[in-house]
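Chain by chain, the residues run as shown.
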Amino acid sequence: MGAFITFPAVLLLIVLLAIAGYALGRRKALSFPAQSTHSRPHQHAWHVVFATAAPSLLVVMLWLFFAGIASNIYTNMVTPDDLVDVRLSAQAREGLTEREIDIREGVLRTQFVAGVRSLASALDGYVADGNATEADIAGWNAEQDPIADRLRAGGQVLGPAVTNGMLSVAQVVRQFDRRVGTVGPIISLVLAIAGFVIALRRISAEFRARVVVERWISGFLIFASTMAILATVAILAALTLPSLSFFREYGFFNFLFGMAWAPAGDVVGIPEGRDGSYQSALGFVPLIWGTLYISLVALLVAVPLGLLAAVYLSEFASRRARSWVKPALEILAGVPTIVYGIFALITIGPFLQAVVGATVMPNTVSVMTAGVVMGMMLVPFISSLSDDVINAVPQTLRDGSLAIGATQAETVVQVILPAALPGIVGAIVLAASRAIGETMIVVLAAGALSNVQGIEPNPFGAVVTVTTRIVAVLTGEGSGFDSIDVLAVFALAFTLFFITLALNLLAQRMVAKYREQYD
Amino acid sequence: MSDANLSGAVPIRKSSLLEQSALVRKRHRTGTILRWLGFSAITLVLMFLAILLWSIVSRGVPALFQYQAQIELYYDPAVLNPDGGDVSAEEIGTINLRTGFERGIFTSSLRSTLENAGIDIEGTVSRRWTAEAIGALDAAGLTGASAIIAAAPTPADAARQLGQAGSAVRAAVAAMDGDDTNAAITARDAAAQALNDLGFAQAADRVASIDPSDSAALAETGYQAALTDAAGALRQPAQFDDAALSSIIFATNRRDVRDQLVDNPDLVGTTEKTGVPIDISVTRYLSGELSGVGTAQMPPGFDIGQLALVDAMVEADLISNSFRWHFFTNPYSQSGEITGIGPALMGSAYMMLVVLVFSLVFGVAASIYLEEFAPKNRFTNFIEINIANLAAVPSIVFGILGAAILFTLMDLGFGSSIRGTALLGGLVLSLMTLPTIVIATRAALKAVPPSIADAALGVGASKVQMVFHHKLPLAAPGILTGTIIGIAQALGETAPLLLIGLSVSTGAALLSSPFSGGLLEQAQSMPTVVYLLAQNQDAPVREGLAQSAILVMLVLLFALNILAIILRRKFERRW
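Residue numbers (UniProt numbering), protein chains in the order written: chain H, 1 to 519; chain Y, 1 to 575.
Be a bit skeptical, because a hint or two may be false.
Said to hold, decoys possible - Once the Cα atoms are required to be at most 25 Å apart in a straight line, the calculated DSS-like pairs of lysine-lysine come out as:
#1 LYS513/H - LYS376/Y
#2 LYS463/Y - LYS513/H
#3 LYS376/Y - LYS463/Y
#4 LYS463/Y - LYS446/Y
#5 LYS326/H - LYS570/Y
#6 LYS570/Y - LYS446/Y
#7 LYS376/Y - LYS273/Y
Treat the hints as calculated values from the structure; they're not laboratory data.
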């Protein structure tokens, strides 16, 4: 019985019910004389569909999500505190403070719970494939049977080695999962049937199905538009909570004014270095130095080129030239940044090295390599934004200037550019914000894998930046929230987010003010 | 002010409209400079674009072709079925890949193929090394070396003799450096004698005539280096073994051949002509990028003996250059010979599917609400600010959000199997695409003239009906264009995917269909595979195949963008 009430089967049932609901609802509505009904037959039909599917699907989704969490909490609850798997041995306890023991046992417990849950799902899969019966498994003994090998041979994915403690807890958890896995689909199925029956019975000539359906629709529209808020809130939460615990652990000023960046993989709460500090050096200064250095080079390349290009395109170029150059610039803007990064790494880097010599530039990765290419990437950004701004300068200003005898160049330099200045500065600020947040170019071309720890003044030397350190720590088998380095990376993202947010708000205000001036 | 000018009080200027004064010329010159600066800025940027595209195409297209050795692969029963009798699939499955397949099948097949083609393997190798030795001796003025080497019973003997002569010369240099003149003369004469014994009479005379205190003159002859090098070169052929032979082709871990045999054990004992990839380092020699002369021009890990064999294989027409079809189907691998982007293309397609469904549904719904239904109040204002800001958040922050969700879910007990899934990647990319779609949709909805809405409302449609029956269909082309552009952006995004573990999920072969859980399997994606290829240890992979993968990605991007442009041209309506 239990085997048939699974979520895929229930989903199928709900869909079938909804289709049937549409057909039946429509038929019933059609049976009324056309003039006497408030709503059209298909509106009645849709009403049945919504009533059948919406609540039950919502339950399915929530259940799928919370069943996993509930099972985790349950596993935690049923794991006895005195189980050897979750206790530090007396030997390991020696010389540790109460707090450190707690933290380490917490880590053990988390691992144990994860192991139990993967074991439980592996056992489920093993039984479902027909490799063993429940009775077989009840008789297994982890100390004698090679359970992990047996399960892996059956094609199951398994975490660490299996112990008897894990096995016994896993059996309890499986029972719980089975119950949860049966109750959820039943609830959603009952909801679907209830919705189906009630909605069908409500169909009558006076029933205002259209109003109800439209209420459903606007409810969904409002929900969808709050997604943007949800995303922002999620970002803020994701950045703030780990950052705060990092600042509490490591010290806000140690981070902000730290002069070296050298993560060493300490576990949060257990400073392993001498004098009770963390071994990892997690200072912000070298990173922001590298970031700003590269951004500066990029802007020095991008701003003159972008502005000149914009002025030329909007004031001097023929219509034909514009129609060719603008799409070409758009291509440049549409190229993914990783392509720029690889181009910098294998073409620009060796070229620069050949030009300035290997003594000045020991590696092909450097501030200049990344900066020049990033500058080129920003040119279309600056030129198209400035182009818009220049085009928005009222024609009367141009005509007035030309009419009093100024040449075209004088009009551009002395009238149009000053008039467009706030907008242009806004564009540059936006470009700076993009340069600071840019990742792949700097990861590939500024020395992501280098072991620079401090400040590098040489423009042809490798540097570390905020974004490259985030990638370096979080790429690969990230260890979750229990490493101080991971928390530090969240703090980096936190600062990055607020720097770029501030720059963006500033740019938006500038552009908005500029618009007001001429509207 | 203008009145004053008209009053006639100003003296008449002696200027003409037809003739430009110096000042006017100067003013116009500034204009010309500005114009030229702008022009050269654009030229520079376009040149950069051209170089960028050229560097991708010129490297990526040749890398799509692969040199293959045409080998008659003999599925040797002696290796595959040592105990005789019937071969079973299980038996083949247990045979070691390295000893059984790489050594037993591939190396011996290569050897027999070469022999069948009339190539004397050891002879070719030793001839090349002998030529190298003679070249070294000739360059130092030790003429007649070929006869001397030919006269020795074996190359090893010749090597020993040359080595001894070299040691004698070195000893002479050392002795002549010292203060003992007699010892210096003895050593010098011994060196001359050794050279004379070998048959280098001219060189022996030259050594004998050197002033015993002038060690520099003897060192300058370069005899010692030449003799030692030649001896070294002559010793090389003896070290040429099966491992050196098989390293020319890519035979490492030939799982595919074993799988083929497991599926079809009847093949054992038969011969099959197959193309086996040439080692990726050697391809640069074959394509002429490395000349094979001098250490800097050698493929890493290879010597001239192996290159001589490669030359012989080229001459015997055993090496072909064919299109690398498997690049589009194979999974990513560290080895450039068999690496591919199949699962990456698939993973990217899955992610784009998620992005399409998620951001289109939510993006369009949100835009409709904001544009048509939302009252102007603080709440909707707040939503608008949020959307504007989401559009400007650096992509890596979305990656951090994804990582936080991942860690949280893992802590909550979803296991680490959700790391690097197409669903997670797609959701993160959707959040990034959402603002693009919202902005495009709102612009498209705004462009629909109010008369249409008024007409619909006027004949009794409800607001929902007006929007869904009239405005939305008219705005659809604009929405579609915006969606395609948003998806094209999402396709190239790398950083967020790196942070949620797509760079480490290299295990997946092909994913299941999205309806049977393919979205929840560990996926690869195009940009992350490009990233991995760009960091490969072999230069041909870094500089060649990474560019091929980029080329594929760019072709997809351009196709999407062109689709967007065509749709816009075709359906765009102006009222």
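Results for each hint:
For the hint linking LYS513/H to LYS376/Y, the alpha-carbon distance of about 21 Å falls within 25 Å, and the restraint holds. Taken as a hint, the LYS463/Y and LYS513/H pair is broken in the structure, with Cα atoms around 35 Å apart against an allowance of 25 Å. Distance hint between LYS376/Y and LYS463/Y is fulfilled; the C-alpha atoms sit about 17 Å from each other, no more than 25 Å. For the suggested pair LYS463/Y and LYS446/Y, the alpha carbons sit about 16 Å apart, so the restraint of at most 25 Å is met.
With a CA separation close to 21 Å, the supplied pair LYS326/H and LYS570/Y stays within the 25 Å bound. As the CA atoms of LYS570/Y and LYS446/Y are separated by approximately 19 Å, the hinted pair is consistent with the 25 Å bound. A threshold of 25 Å between alpha carbons decides the hint, and for LYS376/Y with LYS273/Y the separation of about 74 Å lies outside it, so the pair is violated.
In summary, the numbered hints that this structure violates are 2, 7.
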